[in-house]
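**Student:** One-letter residues, chain by chain:
There are 2 protein chains.
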Amino acid sequence: MDITEIWEELAQDGGRIVYLVLDGGGGLPHPPHDRSALEAAQTPNLDHLARAGSCGLLEPVGPGITPGSGPGHLALFGYDPLRYRIGRGLLSALGIDFPLRPGDVAARVNFASLDAEGRITDRRAGRIESELNQNLCRQIQDGLDLDFDGEVFLQTVSGHRAALVLRGAELDDAIADTDPQRTGVAPLAAKAIRTSAEPTARLVDTIVAQARRILADRDRANGLLLRGFQRYDPLPSLEQRFRLSGLCLARYPMYRGLSRLLGMELLDPPSDFASAVAGLMTHYQDGHGLYFLHVKETDAAGEDSDFDAKVAALEAADRELDSLLDIQPDVLVVTSDHTTPALMGAHSWHPVPVVLHSPYARRDAVERFDEVACAGGVLGLRPGVHLMGLALANAGRLRKFGA
Amino acid sequence: MDITEIWEELAQDGGRIVYLVLDGGGGLPHPPHDRSALEAAQTPNLDHLARAGSCGLLEPVGPGITPGSGPGHLALFGYDPLRYRIGRGLLSALGIDFPLRPGDVAARVNFASLDAEGRITDRRAGRIESELNQNLCRQIQDGLDLDFDGEVFLQTVSGHRAALVLRGAELDDAIADTDPQRTGVAPLAAKAIRTSAEPTARLVDTIVAQARRILADRDRANGLLLRGFQRYDPLPSLEQRFRLSGLCLARYPMYRGLSRLLGMELLDPPSDFASAVAGLMTHYQDGHGLYFLHVKETDAAGEDSDFDAKVAALEAADRELDSLLDIQPDVLVVTSDHTTPALMGAHSWHPVPVVLHSPYARRDAVERFDEVACAGGVLGLRPGVHLMGLALANAGRLRKFGA
Numbered sequence: 004m005d006i007t008e009i010w011e012e013l014a015q016d017g018g019r020i021v022y023l024v025l026d027g028g029g030g031l032p033h034p035p036h037d038r039s040a041l042e043a044a045q046t047p048n049l050d051h052l053a054r055a056g057s058c059g060l061l062e063p064v065g066p067g068i069t070p071g072s073g074p075g076h077l078a079l080f081g082y083d084p085l086r087y088r089i090g091r092g093l094l095s096a097l098g099i100d101f102p103l104r105p106g107d108v109a110a111r112v113n114f115a116s117l118d119a120e121g122r123i124t125d126r127r128a129g130r131i132e133s134e135l136n137q138n139l140c141r142q143i144q145d146g147l148d149l150d151f152d153g154e155v156f157l158q159t160v161s162g163h164r165a166a167l168v169l170r171g172a173e174l175d176d177a178i179a180d181t182d183p184q185r186t187g188v189a190p191l192a193a194k195a196i197r198t199s200a201e202p203t204a205r206l207v208d209t210i211v212a213q214a215r216r217i218l219a220d221r222d223r224a225n226g227l228l229l230r231g232f233q234r235y236d237p238l239p240s241l242e243q244r245f246r247l248s249g250l251c252l253a254r255y256p257m258y259r260g261l262s263r264l265l266g267m268e269l270l271d272p273p274s275d276f277a278s279a280v281a282g283l284m285t286h287y288q289d290g291h292g293l294y295f296l297h298v299k300e301t302d303a304a305g306e307d308s309d310f311d312a313k314v315a316a317l318e319a320a321d322r323e324l325d326s327l328l329d330i331q332p333d334v335l336v337v338t339s340d341h342t343t344p345a346l347m348g349a350h351s352w353h354p355v356p357v358v359l360h361s362p363y364a365r366r367d368a369v370e371r372f373d374e375v376a377c378a379g380g381v382l383g384l385r386p387g388v389h390l391m392g393l394a395l396a397n398a399g400r401l402r403k404f405g406a
Numbered sequence: 004m005d006i007t008e009i010w011e012e013l014a015q016d017g018g019r020i021v022y023l024v025l026d027g028g029g030g031l032p033h034p035p036h037d038r039s040a041l042e043a044a045q046t047p048n049l050d051h052l053a054r055a056g057s058c059g060l061l062e063p064v065g066p067g068i069t070p071g072s073g074p075g076h077l078a079l080f081g082y083d084p085l086r087y088r089i090g091r092g093l094l095s096a097l098g099i100d101f102p103l104r105p106g107d108v109a110a111r112v113n114f115a116s117l118d119a120e121g122r123i124t125d126r127r128a129g130r131i132e133s134e135l136n137q138n139l140c141r142q143i144q145d146g147l148d149l150d151f152d153g154e155v156f157l158q159t160v161s162g163h164r165a166a167l168v169l170r171g172a173e174l175d176d177a178i179a180d181t182d183p184q185r186t187g188v189a190p191l192a193a194k195a196i197r198t199s200a201e202p203t204a205r206l207v208d209t210i211v212a213q214a215r216r217i218l219a220d221r222d223r224a225n226g227l228l229l230r231g232f233q234r235y236d237p238l239p240s241l242e243q244r245f246r247l248s249g250l251c252l253a254r255y256p257m258y259r260g261l262s263r264l265l266g267m268e269l270l271d272p273p274s275d276f277a278s279a280v281a282g283l284m285t286h287y288q289d290g291h292g293l294y295f296l297h298v299k300e301t302d303a304a305g306e307d308s309d310f311d312a313k314v315a316a317l318e319a320a321d322r323e324l325d326s327l328l329d330i331q332p333d334v335l336v337v338t339s340d341h342t343t344p345a346l347m348g349a350h351s352w353h354p355v356p357v358v359l360h361s362p363y364a365r366r367d368a369v370e371r372f373d374e375v376a377c378a379g380g381v382l383g384l385r386p387g388v389h390l391m392g393l394a395l396a397n398a399g400r401l402r403k404f405g406a
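Just so you know, the protein sequences line up as chains H and W, in that order. One point on numbering: in our numbering, the residue at position 320 of the first sequence is 323, and numbering is uninterrupted. One point on numbering: in our numbering, the residue at position 130 of the second sequence is 133, and numbering is uninterrupted.
Keep in mind the hints are simulated off the structure, nothing from the lab. Any given hint could turn out to be false.
Since the list gives no way to pick one copy over another, a pair counts as held whenever it fits inside one copy or between any two copies.
[To be verified] Pairs of lysine-lysine residues, derived as BS3-like cross-links and limited to a Cα-Cα distance of at most 25 Å, are as follows:
hint, residue 1, residue 2
1, Lys194, Lys299
2, Lys299, Lys403
3, Lys403, Lys194
Throw the hints in and build the complete structure from the sequences for me.
**Tutor:** What follows is the structure, given as structure tokens:
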């Protein structure tokens, strides 16, 4: 039996939990000093937490699995990512606050540049401005002429990214990506993975072809690439599962979308992490069970292979922890959804360090918040999905199991 | 596949295993010295074992799960507590040596005090003496006049606690507790959770109403509260599963009941832990596969938030280990069914330290038997249910898997 279902049985009201997710926070030793960004960074507040709380390592999804942001976060929130699968299309739509309805099929869209023969020259259309993106979406939306008894929504996310949402009866999301993931070739036709998805695949092809005609006089950002088709079937919320009312203080669309999917309330996007901490201070008395803060800069620096920027992002986040620690959350967890080593310039499968602080967190011998020190902590090496149970227990939110 | 089923496939005869369960033995750092009871206690024998054996941490049921005594022990014996669920009613009946038959429905009973309007004034009837309890059980048992083609047994456990056992055809245990868990209100009617339990629920209501009339001239201990209805479906025994004949040397009813449920033989209850160790010395040559010793005082002190008493209980148990070590068991395991930190005055979810000693146990760098030291041991952090496999292997009781 899935342990998360036992937490559901045992959940009760209790203290307040604060999650701080340093996106892609962990990493690998980096030349020339062979230290990870966490080891190199001056992080007095994180180190204080490590000394005062319980440390360990989380394997977000499973051994050898490099998580996308969706699965990495789902695990931290107690949703086994092998059971709850969320495509990027769905997250994109949720992240722009699109009012999805059950049964909608969403996909992630890239504006791409195609040459005269229809071959992709740039999969991101030179990373166009969001404003141009909005204009193009509007042109396409207005110009579509479909024989379809339903609705089609094409909406800007940011830069070259948009979301496509199809709404109608009997839509099927078993459609392969049309993005070939390389240049010099034409976009793929929408391919139905099962027979029942063929009408939806034909609809998608028609939309893409009409969009191409509508944008025919442009020489860049003149085609659409689609990825991650997924039907929206709402997940059971954190409230339904764990009696946790959540408040999302994240800034970026994907994390906001994920929070909405789990039934959290959302504050307006904070302008930076300092504002998010200020928001936490303002709303900590509101009686939410879970407060979700998110730092994106750590992951962005890792993706850019910029080790120094990652160190700086960690140090900047650490400075804001001063104010966060002043709140004295009942339970404070700092961890990451996955590692993004600057050495790799990409997400990776390595376990992420975690520290959990509460009056009932067993202290261990760990003195620094980094990958190697945390390996010696009392939380041990665990699946990421374990974290929510530990947080709930420390908040007094789980009744005794059996007599 | 469940790993415990692989042990079943591989089980063979072998050496003798001794389990010493320090009930609620682990804990948390405690003021003013911020040491746990295990850290504060002088336990030269446990520390010797830690140096000579393999150490680690066990998570008895799962991350964040605070185990009752039943699930905590089941895990140590290799029964996944999420799969084998035992209610307190069943354990109560087993613990008084009641000869349960398959299909019996048992419940735990509290004698409570009710006022003239039938509202509960004391859920434990002032913790009456066991002798009064026995008299009341006999009065009720003799006075019941039921239209029921079966048998009803009401038997004293101790203090205000008793066990009710219903025996007859087609009884169903899907009945909610009648104990509202608070005073100032009347006991709840027995509520069938599914339709097939309605006849059993009506039978329970009749018994409770007749008991109330029989005790009508009393102003305390004049009502019954029922909890934990459960049908007795025998578990596969340790012998059936792992070819282990067990001998229980525990003193207290619940642990004896659990041992009986797993098919162990039982010695007469020892008067204290020293007597249990003496019993082990006497019976170690009897050819049992598993000897189960149990120390209750560690848990009782934790529940009472009495840190000093917990330290004393650990030290007292450690002194008796002298004699136990003289026996040189083939495999000796010392661990706990759950933590009971004096800081919390209750069971908790924290991992318990474990030491396993045998000629084939890999020695590690751990020098003391406590929570933080054991975190660095070679057994790592594991689910509690793993322990039995390790003990069987060290006793030479598991054949090679595959060729």
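**Student:** Hint by hint, say whether it matches the structure.
**Tutor:** Right, here's what the structure says about each hint:
| no. | hint | verdict |
| --- | --- | --- |
| 1 | Lys194 - Lys299 | neither (34 Å within a copy, 52 Å between copies) |
| 2 | Lys299 - Lys403 | between (37 Å within a copy, 19 Å between copies) |
| 3 | Lys403 - Lys194 | between (50 Å within a copy, 23 Å between copies) |
Of the numbered hints given earlier, the model fails hint 1 alone.
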